[in-house]
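Colleague: Model the full assembly from the supplied sequences, consistent with the hints where possible.
Here my numbering = 1-based position in the sequence shown + 3.
Careful: at least some of the hints might be erroneous.
[Unchecked claim] With a straight-line cut-off of 16 Å between C-alpha atoms, the simulated EDC-like cross-links for lysine to aspartate or glutamate are:
| id | residue 1 | residue 2 |
| --- | --- | --- |
| 1 | Lys55 | Glu96 |
| 2 | Lys33 | Glu257 |
| 3 | Lys290 | Glu257 |
| 4 | Lys290 | Glu260 |
| 5 | Lys290 | Glu300 |
| 6 | Lys33 | Glu287 |
| 7 | Lys55 | Glu158 |
| 8 | Lys290 | Glu218 |
Keep in mind that the hints were calculated from the coordinates and are not lab data. A quick note: this is a predicted structure, and the numbers were derived from the prediction, not measured.
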Amino acid sequence: MKDSQWEHLYGPVPSRRLGRSLGIDLVPYKVCTYDCVYCQLGRTTRHTLQRKEYVDSQAILGEIEAWLHEDGEADYLTFSGLGEPTLHSRLGEMIQAVRGRTDLPVVVLTNGSLLWQAEVRAEVCGADLLVPSLDAATPAGFARINRPVEGIEIEQVIEGLRRTREDCAGEMWLEVLLASGYNDSPEELQALREAVEVIQPARVQINTVVRPPAESGLQALSAEELQQAQQALGPRAEIIAPLEARELMAGERERSEAQVRELLRRRPCTLSDLAAGLNMHRNEAVKYVEALLARGEITSSQRGANSFYMLVAEPGTTGERAADESA
Numbered sequence: 004m005k006d007s008q009w010e011h012l013y014g015p016v017p018s019r020r021l022g023r024s025l026g027i028d029l030v031p032y033k034v035c036t037y038d039c040v041y042c043q044l045g046r047t048t049r050h051t052l053q054r055k056e057y058v059d060s061q062a063i064l065g066e067i068e069a070w071l072h073e074d075g076e077a078d079y080l081t082f083s084g085l086g087e088p089t090l091h092s093r094l095g096e097m098i099q100a101v102r103g104r105t106d107l108p109v110v111v112l113t114n115g116s117l118l119w120q121a122e123v124r125a126e127v128c129g130a131d132l133l134v135p136s137l138d139a140a141t142p143a144g145f146a147r148i149n150r151p152v153e154g155i156e157i158e159q160v161i162e163g164l165r166r167t168r169e170d171c172a173g174e175m176w177l178e179v180l181l182a183s184g185y186n187d188s189p190e191e192l193q194a195l196r197e198a199v200e201v202i203q204p205a206r207v208q209i210n211t212v213v214r215p216p217a218e219s220g221l222q223a224l225s226a227e228e229l230q231q232a233q234q235a236l237g238p239r240a241e242i243i244a245p246l247e248a249r250e251l252m253a254g255e256r257e258r259s260e261a262q263v264r265e266l267l268r269r270r271p272c273t274l275s276d277l278a279a280g281l282n283m284h285r286n287e288a289v290k291y292v293e294a295l296l297a298r299g300e301i302t303s304s305q306r307g308a309n310s311f312y313m314l315v316a317e318p319g320t321t322g323e324r325a326a327d328e329s330a
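Modeller: Right, here's the structure in full:
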């Protein structure tokens, strides 16, 4: 039995903005133009500007076709995933192919870093909704929070976003993620507001750090700070982060690890089992599993092609029953 039915699809997962969203992975884990300090998937492993067919597009389309054939239900089909989706050189072809197979709206979640390229703009314009990000509008803020690959300047990112909004018929929702001490100063917020006036997105969606980020010590904004940022960014701005984000993040790792332990107390699980139980992507679940493995609180056992994780037996127990149930 495979660890997951799909290699390139995940979900549908509930989304505050998109309802039930079927995620479509286009690039391998953490292949990206940025190395954002807040990324919940960890540090970028391949920092690049190179566009190519990182994953076989026909394999991706085949899985989408199979999912549709099984009467899969979702509110959106979302090109996003483990890295920057616009790095895939056949993104446009896949968007058009999907739109020819279903009436479900297509979304592209992107960091917006390549939209200054005309061919990338043409490709993403095939989507019904574009959700790019812009976390800073000054060179210093951009370098501090997004850590872009060499060759990307914030001025070209903003111009690319403006051109995309002009060229594309679908709506643009611009996401701004704010982290305390990184991009939330009055000067940074004023620069972001000026960029918003240039780009003219339909919405500006303010987020903050909720899940454990790539860099430890990163802090979410408080409810009051989020509301101040909303005022600073102008009438298009709305807060999509939970107002208690700072409190949520403070205990997120402990809660998630406790949830992993609770799931494993019932029975051994694969990574996909844990990700489904925790309502997160499997590559995020890896962080909690690795931490528990490192502390010796859980162990793993290979069963065919799958790795099953289980709690280390407590004194007075053998753990054999749970292990047997997974066979």
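Colleague: Does each hint hold? Answer for all of them.
Modeller: The hints, checked one at a time:
1. Lys55 with Glu96: holds, 13 Å
2. Lys33 with Glu257: Measuring from Cα to Cα gives roughly 24 Å; hence the hint is violated.
3. Lys290 with Glu257: With Cα atoms ~12 Å apart, Lys290 and Glu257 stay inside 16 Å; holds.
4. Lys290 with Glu260: Within the cut-off at roughly 9 Å; holds.
5. Lys290 with Glu300: holds, 14 Å
6. Lys33 with Glu287: The given pair, whose Cα atoms are some 11 Å apart, holds under the 16 Å limit.
7. Lys55 with Glu158: Roughly 24 Å between the alpha carbons, so the hint for Lys55 and Glu158 is violated.
8. Lys290 with Glu218: Answer holds: Lys290 to Glu218 is near 13 Å, not above 16 Å.
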